[in-house]
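Residue numbers (this note's numbering), protein chains in the order written: chain A, 1 to 260; chain B, 261 to 641.
Rather than coming from a laboratory, the hints here were simulated on the basis of the structure.
Here the structure is a predicted model, which means the values were calculated and not measured.
Hints may be right or wrong, so weigh each one.
[To be verified] Have a look at the derived ranges for each label pair, beta carbon to beta carbon:
1) A:29 x B:506: 24 to 34 Å
2) B:468 x A:252: 50 to 60 Å
3) B:593 x A:45: 52 to 62 Å
4) B:310 x A:112: 26 to 36 Å
5) B:458 x A:144: 47 to 57 Å
6) A:41 x B:421: 22 to 32 Å
7) B:541 x A:144: 24 to 34 Å
Even glycine gets a Cβ: it sits at the ideal position worked out from N, Cα and C.
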Amino acid sequence: MTEEVLTPETSGNDNPVLWVARPMATAARQFLKSLIRPSTIVYPFERLEDPKFREEVQVAAGKPIGVGAVWDNYRGVHALNIATCISCNLCSFSCPDLCIEMVAVPGGNPKHPKKCPQIDYGKCSYCGFCSDACPEGCLSMTTRYELSVTKRSEMVYSPQKLFEVFERKLPMNPIRLERPANEDAILLDAPLCIGCNACARDCPTQCITMMDIPKPEAPAGAKLPRRIWKEPVVNDSDCVRCGTCISVCPKECLFWGTRT
Amino acid sequence: MSEMWINMGPQHPMTHGLWNLRVRIDGELILDVDPEMGYLHRGIEKISEDRHYNEVVTLMDRTCYVAGMAWEHLYILGAEKALHITPPERAEYIRTMSEEFQRIASHIMWYAAFVQDLGLMSPFLYGMRDRDLLLDLFQSYTGARMTYEYMRVGGVRNDLPHGFSDRARKVLDWLMERFKEYDQLCMGSDIFRRRCDGLGVLSAQDCIDFGVTGPMLRSAGVARDLRKDRPYSVYGRVDFDVARATTADVTGRYLVRMEEMRQSVRILRQVLDWLDRNPGPVMAENLPRWLGAPYAPIGREGYLLKREYPKGVGFAAIEEPHGEAAVYVVNEGGEHPYRVKFRSPVYVNLSAARKYLVGYHVADIPPIMGSVDVCVGESDR
Numbered sequence: 001m002t003e004e005v006l007t008p009e010t011s012g013n014d015n016p017v018l019w020v021a022r023p024m025a026t027a028a029r030q031f032l033k034s035l036i037r038p039s040t041i042v043y044p045f046e047r048l049e050d051p052k053f054r055e056e057v058q059v060a061a062g063k064p065i066g067v068g069a070v071w072d073n074y075r076g077v078h079a080l081n082i083a084t085c086i087s088c089n090l091c092s093f094s095c096p097d098l099c100i101e102m103v104a105v106p107g108g109n110p111k112h113p114k115k116c117p118q119i120d121y122g123k124c125s126y127c128g129f130c131s132d133a134c135p136e137g138c139l140s141m142t143t144r145y146e147l148s149v150t151k152r153s154e155m156v157y158s159p160q161k162l163f164e165v166f167e168r169k170l171p172m173n174p175i176r177l178e179r180p181a182n183e184d185a186i187l188l189d190a191p192l193c194i195g196c197n198a199c200a201r202d203c204p205t206q207c208i209t210m211m212d213i214p215k216p217e218a219p220a221g222a223k224l225p226r227r228i229w230k231e232p233v234v235n236d237s238d239c240v241r242c243g244t245c246i247s248v249c250p251k252e253c254l255f256w257g258t259r260t
Numbered sequence: 261m262s263e264m265w266i267n268m269g270p271q272h273p274m275t276h277g278l279w280n281l282r283v284r285i286d287g288e289l290i291l292d293v294d295p296e297m298g299y300l301h302r303g304i305e306k307i308s309e310d311r312h313y314n315e316v317v318t319l320m321d322r323t324c325y326v327a328g329m330a331w332e333h334l335y336i337l338g339a340e341k342a343l344h345i346t347p348p349e350r351a352e353y354i355r356t357m358s359e360e361f362q363r364i365a366s367h368i369m370w371y372a373a374f375v376q377d378l379g380l381m382s383p384f385l386y387g388m389r390d391r392d393l394l395l396d397l398f399q400s401y402t403g404a405r406m407t408y409e410y411m412r413v414g415g416v417r418n419d420l421p422h423g424f425s426d427r428a429r430k431v432l433d434w435l436m437e438r439f440k441e442y443d444q445l446c447m448g449s450d451i452f453r454r455r456c457d458g459l460g461v462l463s464a465q466d467c468i469d470f471g472v473t474g475p476m477l478r479s480a481g482v483a484r485d486l487r488k489d490r491p492y493s494v495y496g497r498v499d500f501d502v503a504r505a506t507t508a509d510v511t512g513r514y515l516v517r518m519e520e521m522r523q524s525v526r527i528l529r530q531v532l533d534w535l536d537r538n539p540g541p542v543m544a545e546n547l548p549r550w551l552g553a554p555y556a557p558i559g560r561e562g563y564l565l566k567r568e569y570p571k572g573v574g575f576a577a578i579e580e581p582h583g584e585a586a587v588y589v590v591n592e593g594g595e596h597p598y599r600v601k602f603r604s605p606v607y608v609n610l611s612a613a614r615k616y617l618v619g620y621h622v623a624d625i626p627p628i629m630g631s632v633d634v635c636v637g638e639s640d641r
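Work out the full structure, taking the sequences as your base and the hints as a guide.
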């Protein structure tokens, strides 16, 4: 054991007054400093994100860094750009607290309405997985942090309300993650497919096209399966890997895998 | 004088959370104590079994709310072993840096709460003020002040922002000045010393018998530190000393924690230098897609049945600010861990309360329990 053993200084038997006076002097020094530059701010009237707190000179009590300078990537209330949302469900899938629900927004085809995330802030843990997962960058987190409401139902932010946050043009989290290089692709278990078009219909990016396949000759004494002679072909560069096609497939013939 | 049991807690300023200390007293003398824990049990181990590997990280921040980064690091180390993933070197350094910042923040939080137990208000305010700078630093690269959700299986979420290391160095310089002030306020005060010296003695042999770890063990003269004894991450490559005292009492624990903060600053300076010199990726390449990194996990149960999953188990132990924490992750294949088990140092340290409380006076309980550094969220999980 090479480390030194810590031993407390011997107590001040020599001059007990000094042992009480020294800490008091330290506290008094801090008190005088705080008279000139207080450590706190007057919150509702001043805010940490104000530009004046970004400068070191303004920082209270000689603090070495400006508090507001680190504010930009704060994870607060989400902003949703409804116009670019493709209803891919990725935010809802990735939410650990299951607080995101996809609800219909007005406009568009009433039979197949566009669905956008609705966030229940009573459950949200502000982990940011949803904005990390968003392939279009339309759901991102802003610096807004004030959420007090009078009714619990007001904690549920509808897509329109999230869009209002977006329209305020608050600073948004600048960190965007890159997609991994080895993304899995959607593969087809061809013998199971019935060509029903469900995947192509529900694909948020329309990257699935139904291609005709040749109808085989029926073997002697056996019937061909009843199906539409088409198969989905996925355009990997447009695919956002949301898995909607896998979840809507009635025959479970689509699956994740590495394209060879 | 008749004996009686009194309840200190579950709502008592001494407890720092929800737990109950039943004390049998005769006048002012403590005859027996019985710590009762479990008021804050949230079933984190069970919830983890129903979450994707990366989603468990959100629970780790809530396990111990003053040492979230340390618990994230612990879980990620275990999960990576279970999933056979090696993170890039830069990610390891960033994790080490995060854990050391968290250690300073946690110890400052301990200092603030501990001196307030003794009735000293000014050091509490100074401590909270200084911890705020560390929270600002955390916010500048993770985006949150206490619930970071920063580490991922295979690396960390994002790289450090521009100008981070300069800011961090300024904070470290400033904190070193503040540590001197803390010592002037506490060690320099005769009142503080008379309140703390010789209290709550737990000898080295008792510590080892009960499994007590962390600053309590080191204050008894045992130089046991997992960062030194079983280096994980990059602790084998940085230079630091293990703080150690021999008094085994409240003053000793104070000294050990103060010295640990200085050693953390020493580690941080080396790690920041390395990070400045070596840019690189912060996320492992060729992660399995279903792991969802850096993206969030994709697909709920049932969608991904046709996959082949690796299997494995992972055990990791780290020196958390409160003591030695360990995790055991069982990966039976699939998107969720089969079982996650944590060892909380606070639970063990509290369980030995009978050994270091009996024989002292009722007024000694706040300083003694304060010196244990209780975090109930962590002990009850």
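Among the hints numbered above, which are violated by the structure, and what are their numbers in rising order?
-> none
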